[in-house]
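Trainee: Those protein sequences? They're chains A and B, same order as listed. Read left to right, the first sequence gives residues 1 to 240 (our numbering). Read left to right, the second sequence gives residues 1 to 408 (our numbering).
Careful: at least some of the hints might be erroneous.
[As the list claims (entries may be wrong)] Some residues of chain A that are not near chain B, with every Cβ distance over 12 Å (derived):
hint	residue
1	I13
2	K25
3	R66
4	G147
5	I226
[Said to hold, decoys possible] Keeping only pairs whose Cα atoms sit at most 30 Å apart, straight-line, the calculated DSS-like set for lysine-lysine is:
hint	chain 1	residue 1	chain 2	residue 2
6	B	K397	A	K77
7	A	K25	B	K402
8	B	K219	B	K176
9	B	K402	A	K77
10	B	K2	A	K70
11	A	K137	B	K8
12	A	K32	A	K78
13	B	K397	A	K70
14	B	K402	A	K218
15	A	K193	A	K210
16	B	K8	A	K127
17	B	K18	A	K70
18	B	K212	B	K176
19	A	K78	B	K2
20	A	K127	B	K2
21	B	K86	B	K200
22	A	K127	A	K137
23	B	K402	A	K30
24	B	K397	A	K78
25	B	K231	B	K131
26	B	K2	A	K77
27	A	K78	B	K8
28	A	K137	B	K2
29	B	K18	A	K137
30	A	K78	B	K402
31	A	K206	A	K78
32	B	K212	B	K231
33	A	K25	B	K397
34	A	K77	B	K8
35	A	K137	A	K30
36	B	K402	B	K18
37	A	K221	B	K212
38	A	K70	A	K25
39	A	K30	A	K78
40	B	K245	B	K231
Hints listed in this document are in silico derivations from the structure and should not be mistaken for laboratory results. Each residue gets a CB set at the ideal place from its N, CA and C atoms; glycine is no exception.
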Amino acid sequence: MDYVIETESLSKIYISGEIEVNALKSVDLKIKKGEFIAIAGPSGSGKTTFLNLISGLDSINSGIARLAGKDISLMTKKELSDFRRDHIGFIFQAYNLIPVLTAAENIEYIMLLQNISPARRRERTLKVLQDVDLSGKENRFPSQLSGGQQQRVAIARAIVSNPDIILADEPTANLDSETGSSLLDLMHTLNRKRGITFVFATHDPKIMDKSDRLIIFKDGKVDSDIIKNDRAQNLKNESN
Amino acid sequence: MKIVFLLKLAWRNNLRNKRRTFLVSLMVGLGLAALIFVDGMSIGMADNIVRSATSTFLGHAQIHGEGFRNSNDIDLVINENIGILKQLAGDDKAESFTPRAISFSMFASASNSDSVMLYGIDVEREKNISKINDFINKGEFLKESGQNEILIGSELAENLEVGIGEHIIVTVAQYKTGELAQGMFRVGGIFHSNSRQMDKNLAFIKLTEFQKLLAMNGKIHEIALKFKDFKEAENDFFSSKYSNKSNEALSWPALLPEVMAASKMSAVGILITAIILFMIVSLGIMNTLFMAIFERVFEFGILRSLGTRPFQLGLMIVLEAVMIALTSIVLGSIIGFAAVYIVGINGLDYSGIEFAGATFLEPIIPVSRIFQYIVYPLVLMIFTVLISIYPAFYASKITPVKAMRKSL
Ligand SMILES: Nc1ncnc2c1ncn2[C@@H]1O[C@H](COP(=O)(O)OP(=O)(O)O)[C@@H](O)[C@H]1O
Ligand SMILES: [Mg+2]
Chain A
1 MDYVIETESL
11 SKIYISGEIE
21 VNALKSVDLK
31 IKKGEFIAIA
41 GPSGSGKTTF
51 LNLISGLDSI
61 NSGIARLAGK
71 DISLMTKKEL
81 SDFRRDHIGF
91 IFQAYNLIPV
101 LTAAENIEYI
111 MLLQNISPAR
121 RRERTLKVLQ
131 DVDLSGKENR
141 FPSQLSGGQQ
151 QRVAIARAIV
161 SNPDIILADE
171 PTANLDSETG
181 SSLLDLMHTL
191 NRKRGITFVF
201 ATHDPKIMDK
211 SDRLIIFKDG
221 KVDSDIIKND
231 RAQNLKNESN
Chain B
1 MKIVFLLKLA
11 WRNNLRNKRR
21 TFLVSLMVGL
31 GLAALIFVDG
41 MSIGMADNIV
51 RSATSTFLGH
61 AQIHGEGFRN
71 SNDIDLVINE
81 NIGILKQLAG
91 DDKAESFTPR
101 AISFSMFASA
111 SNSDSVMLYG
121 IDVEREKNIS
131 KINDFINKGE
141 FLKESGQNEI
151 LIGSELAENL
161 EVGIGEHIIV
171 TVAQYKTGEL
181 AQGMFRVGGI
191 FHSNSRQMDK
201 NLAFIKLTEF
211 QKLLAMNGKI
221 HEIALKFKDF
231 KEAENDFFSS
241 KYSNKSNEAL
251 SWPALLPEVM
261 AASKMSAVGI
271 LITAIILFMI
281 VSLGIMNTLF
291 MAIFERVFEF
301 GILRSLGTRP
311 FQLGLMIVLE
321 AVMIALTSIV
331 LGSIIGFAAV
341 YIVGINGLDY
351 SGIEFAGATF
361 LEPIIPVSRI
371 FQYIVYPLVL
381 MIFTVLISIY
391 PAFYASKITP
401 VKAMRKSL
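This is chain A alone, in the form it adopts within the complex (with noise of 0.2 Å):
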């Protein structure tokens, strides 16, 4: 079936002097387009090896990560990085942007690695700004913006070139608990409205509370999936 995100025993063992890391044992996960998903656990558990692995930032030990039907193992380097243009977003917990571009220029960056004429970009971006909500604020550069607003450029950036699926590592970490609970519903928003699929690694209660399904991982393992709500039920009984 159509799965954004496909997994099959992945794991990763990072070896670091004589030290052997299991950072993930064998996760079989599956995601489906417009899910709005929070990955937990506790610190260490592995939640960040997944997002990178699942993005092929990280080479994988064993298993297969399917990625919009792909297997990501098999792509080159060259490969990897024009499928994250194309298909993920990214959100990180903090310093997400290139200081010397502006709001607007970090937001194009990507479509112009696509290849996209200037003025759709243009014309993107400025689109993008008002849905996130920072219109005018576009020919600022991010040490111009506060910590808040320069997540939800990072927002536009992640979602401008309609991505499958977003990956957010800890987004609210950085943030109060005021303005991340406005960027989370930001978020909820462009789910809901736009059928973004979300994956978040987190220990924000908000965002596990706000999330269709909660996945919490232990020692690099699946140790609950738990599916919250009618909207995640119906999308996994739709894939079955």
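Position chain B with the ligands relative to chain A; hints supplied.
Mentor: For chain B with the ligands alone, kept in the frame of chain A given last:
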């Protein structure tokens, strides 16, 4: 399109640490400026050597009978010299020329004797070719009206222990017959050039008296000439036009191979200077690039995770180096031009110093040429791009995960 954006990005990245970028550009620029200056000086010096070497006595070119230059055999005179002198008088590339006759001779004074190269010269024409007239420091130059006067070098005067008005017996072997002939001459002038060789070995009498003494009526051994444009000497025209009737016409590069060799040597010197400078400059640029890379590892992680290809990331680093090089080229060209200009106002005074057998007569003026502002900057740019490949490759190899883990 993408490249324009990447250039903008590279430019802004360089401006992040303005002082560092400025300092490295200044350093690289100074290297370029030094190269421009050294190049200008060495051309100026070569010009100066040639000018000094040719203007003292040699002229820009000379005509001899074939074989005379090697043997100094007085029988090897210039064939049909009257025709040649006429031809030269009508040659609009020739500015001036003078006939000379030359022979080994023995000089004897009351107290001493010495062997000397005796020249018979055309008193008026000689002044247009050589500087002997300017070098007189006692007495005076030969006069058309004078009789049995001789002009000798200062060192020769010392050796013979003669002064103005004293007499010298000159002994020569005559033309064709080889019979010895003697004449008595009165020292009319003593010259002092900066060349020891001239001051010690040369003496001058009037051409007509020379021809009489050697019984070689109307015959000469050498014609020395100056071109209107001294660069003519580098062309072939003179040699091919006047080397005939068993005469040999040569211009200064052939007459002064050691001067030619010296200017080639200085080209090698410049090349070595250039290589050393470019090596230092490259290390500076490489160092700066690595500093800039290490500061931004996390950012590279982001760029890579957004879908920037490794090659594109590397290209960004190369473009940052290109920007540094461009700034350096602007700075270096301005500084280099200024240095050449300022030193050129008075020149560097090396007069009196002997080099490659010639003496500098004038201060050395550094010379600007387009080459310095095109080729050196171009080489600098190519060097910079080559040198930036290593840091660029390094940056492109940074894996996004490592980049982002390390820096958090
Ligand atoms: N590059 C790495 N080298 C060595 N160990 C790593 C590396 N990345 C992650 N780990 C280890 O793998 C485990 C999982 O880490 P991570 O996925 O970052 O957990 P989480 O995001 O859930 O906090 C941890 O024990 C961590 O120390
Ligand atoms: Mg993590």
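Trainee: Hint by hint, note whether the structure agrees.
Mentor: Hints, one by one, checked against the model:
Look at I13(A): its CB is around 14 Å from the nearest CB on chain B, clear of 12 Å, so calling it non-interface holds up. With a cut of 12 Å on Cβ distances, K25(A) stays outside the contact zone with chain B, its closest approach being about 18 Å. Taking the minimum C-beta to C-beta distance to chain B, about 19 Å, the non-interface status of R66(A) holds against the 12 Å cut. Remark: the non-interface label on G147(A) is consistent with the geometry, its nearest Cβ contact in chain B lying 16 Å away (cut-off 12 Å).
Residue placement check: I226(A) keeps its beta carbon more than 12 Å from all beta carbons of chain B (closest about 28 Å). Taken as a hint, the K397(B) and K77(A) pair is honoured in the structure, with Cα atoms around 10 Å apart against an allowance of 30 Å. The suggested pairing of K25(A) with K402(B) holds, with an alpha-carbon distance near 20 Å, which does not exceed 30 Å. Between K219(B) and K176(B) the CA atoms are separated by roughly 12 Å; this keeps the pair inside 30 Å, and the hint holds.
Of the pairs offered as hints, the one joining K402(B) and K77(A) holds, with about 15 Å between alpha carbons and a cut-off of 30 Å not exceeded. This hinted pair checks out: K2(B) and K70(A) have alpha carbons roughly 28 Å apart, not beyond 30 Å. Restraint check for K137(A) and K8(B): the C-alpha separation of about 20 Å stays at or below 30 Å, so the hint holds. For a cut-off of 30 Å, the pair hint linking K32(A) to K78(A) stands: about 26 Å separates their Cα positions.
Distance hint between K397(B) and K70(A) is fulfilled; the C-alpha atoms sit about 24 Å from each other, no more than 30 Å. Restraint check: the Cα-Cα separation between K402(B) and K218(A) comes to about 23 Å, which is no more than 30 Å; the hinted pair holds. About 15 Å separates the Cα atoms of K193(A) and K210(A), which keeps this hinted pair within 30 Å; it holds. With a C-alpha separation of about 24 Å, the suggested pairing of K8(B) with K127(A) holds against the 30 Å cut-off.
Between K18(B) and K70(A), the direct Cα distance comes to roughly 45 Å. Violation of the 30 Å bound is thereby established for this hinted pair. The straight-line distance between the Cα atoms of K212(B) and K176(B) is roughly 13 Å, inside the 30 Å bound, and the hint therefore holds. Proposed proximity of K78(A) and K2(B) is supported: the alpha carbons are some 17 Å apart, at most 30 Å. For the given pair, K127(A) sits about 22 Å from K2(B) by alpha-carbon distance, which is consistent with the 30 Å threshold.
For a cut-off of 30 Å, the pair hint linking K86(B) to K200(B) is broken: about 34 Å separates their Cα positions. For the hint linking K127(A) to K137(A), the alpha-carbon distance of about 12 Å falls within 30 Å, and the restraint holds. Between the alpha carbons of K402(B) and K30(A) the distance comes to roughly 27 Å, so the proposed pair stays at or under 30 Å and holds. Between K397(B) and K78(A) the alpha-carbon distance is near 12 Å, which keeps this suggested pair within the 30 Å criterion.
At most 30 Å may separate the alpha-carbon atoms for a hinted pair to count; K231(B) and K131(B) meet this at roughly 20 Å. Taken as a hint, the K2(B) and K77(A) pair is honoured in the structure, with Cα atoms around 20 Å apart against an allowance of 30 Å. Of the pairs offered as hints, the one joining K78(A) and K8(B) holds, with about 23 Å between alpha carbons and a cut-off of 30 Å not exceeded. Among the hinted pairs, K137(A) with K2(B) is consistent with the structure: their alpha-carbon atoms are about 24 Å apart, no more than 30 Å.
The straight-line distance between the Cα atoms of K18(B) and K137(A) is roughly 26 Å, inside the 30 Å bound, and the hint therefore holds. At roughly 18 Å between alpha-carbon atoms, K78(A) and K402(B) fall within 30 Å of each other, so this suggested pair holds. Distance restraint check for K206(A) and K78(A): the Cα-Cα separation of roughly 37 Å exceeds the 30 Å cut-off, and the hinted pair is therefore not satisfied. Annotation: proposed proximity of K212(B) to K231(B) is violated, straight-line Cα distance about 37 Å (limit 30 Å).
The hinted pair formed by K25(A) and K397(B) meets the criterion: a straight-line CA distance of about 27 Å does not exceed 30 Å. A distance of roughly 26 Å separates the Cα atoms of K77(A) and K8(B); the hinted pair therefore holds under the 30 Å criterion. Straight-line distance between C-alpha atoms of K137(A) and K30(A) comes to about 38 Å, which puts the hinted pair past the 30 Å bound. Between the alpha carbons of K402(B) and K18(B) the distance comes to roughly 28 Å, so the proposed pair stays at or under 30 Å and holds.
The suggested pairing of K221(A) with K212(B) is violated, with an alpha-carbon distance near 120 Å, which exceeds 30 Å. Taking the CA atoms of K70(A) and K25(A), the gap is about 21 Å. The hint holds against a cut of 30 Å. Restraint check for K30(A) and K78(A): the C-alpha separation of about 26 Å stays at or below 30 Å, so the hint holds. Of the supplied pair hints, the one linking K245(B) and K231(B) holds, its CA atoms being roughly 26 Å apart against a limit of 30 Å.
Consistency with the previously given hints fails for numbers 17, 21, 31, 32, 35, 37, ordered from lowest to highest.
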